[in-house]
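Numbered per mature numbering (1 follows the signal peptide of the UniProt record, and there is no 0), the sequence shown spans residues -19 to -1, 1 to 184.
It is possible that part of the hints are untrue.
With a straight-line Cα cutoff of 30 Å, these simulated BS3-like cross-link-like pairs (lysine-lysine) come out [claimed, not checked]: (1) K139 / K94; (2) K41 / K139; (3) K46 / K11; (4) K47 / K104; (5) K42 / K104; (6) K46 / K94; (7) K42 / K139; (8) K94 / K47; (9) K104 / K11; (10) K139 / K11; (11) K94 / K11.
Derived by calculation from the structure, the hints in this document are not laboratory data.
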Amino acid sequence: MCFLLVLNMVFEVSVLVLGVQGSGKTLLLKRIQGIEGTDQERFQRLCAETVSTAGVELVKKPLGKKGTLSFREIGGCMLSIWPRFYGECGLVAFVVDASDPSAIPDAAVCLHKVMRHEEIQGKPLAVVLNKMDCASALRRAELERLLMIPPGARQTPKVAEVSAWTGDGVLELLDWAQGHAMAQTEQAPAAACRSCFRWRGGR
């Protein structure tokens, strides 16, 4: 019975996409959605109409044979309710506008609040330095300093340099998310078997 249960399990891993308003989260999700070969000119025409998300956006990608990787964006204007979504996510991607130095202090405060939350502890987290194609973008080392991301910290996040506009770095970010999500789905069958064993009174 336990074997059949595991055999028929369908897995979904959620990536919570956070960041202050204007960081480029919505555009990043559009890029992820069409990563398999969207025509660049068509993509940029579509994205010129993009507005900041005032609610929740969701993009789903296949994960292995029976899984789904869901990217769930929560608007920056909904900062006060971000914690409601922490428990159900498997990974976190925190997006930062690298081209706007004035937005970095607020981003740093929000990032560290997220990282310190008990329901985020132990979960893979990526700091996504977006808009790195812009002439005004700060260098990675300077951004890490301003965001107060010390090397060797207890929970050192992955730092990814991307441009949602050009697509640079987005595939590598997707590979990171898929790798961690696959690891989580591989652990799920064993957990299901242990739960079944306990339910049947095993010791």
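Here is how each hint holds up against the structure:
In summary, the hint linking K139 to K94 is supported, as the alpha carbons are separated by about 17 Å, within the 30 Å threshold. Restraint check for K41 and K139: the C-alpha separation of about 22 Å stays at or below 30 Å, so the hint holds. About 23 Å separates the Cα atoms of K46 and K11, which keeps this hinted pair within 30 Å; it holds. Straight-line distance between C-alpha atoms of K47 and K104 comes to about 22 Å, which keeps the hinted pair within the 30 Å bound.
Between K42 and K104 the alpha-carbon distance is near 20 Å, which keeps this suggested pair within the 30 Å criterion. Proximity of K46 to K94 is assessed by CA-CA distance (about 36 Å); at most 30 Å being required, the pair is judged violated. At most 30 Å may separate the alpha-carbon atoms for a hinted pair to count; K42 and K139 meet this at roughly 21 Å. Of the supplied pair hints, the one linking K94 and K47 is violated, its CA atoms being roughly 34 Å apart against a limit of 30 Å.
Distance check on the hinted pair: K104 and K11 sit about 24 Å apart at the alpha-carbon level, within 30 Å; holds. Distance check on the hinted pair: K139 and K11 sit about 21 Å apart at the alpha-carbon level, within 30 Å; holds. Simply put, K94 and K11 have alpha-carbon atoms about 26 Å apart, close enough for the 30 Å limit, and the pair holds.
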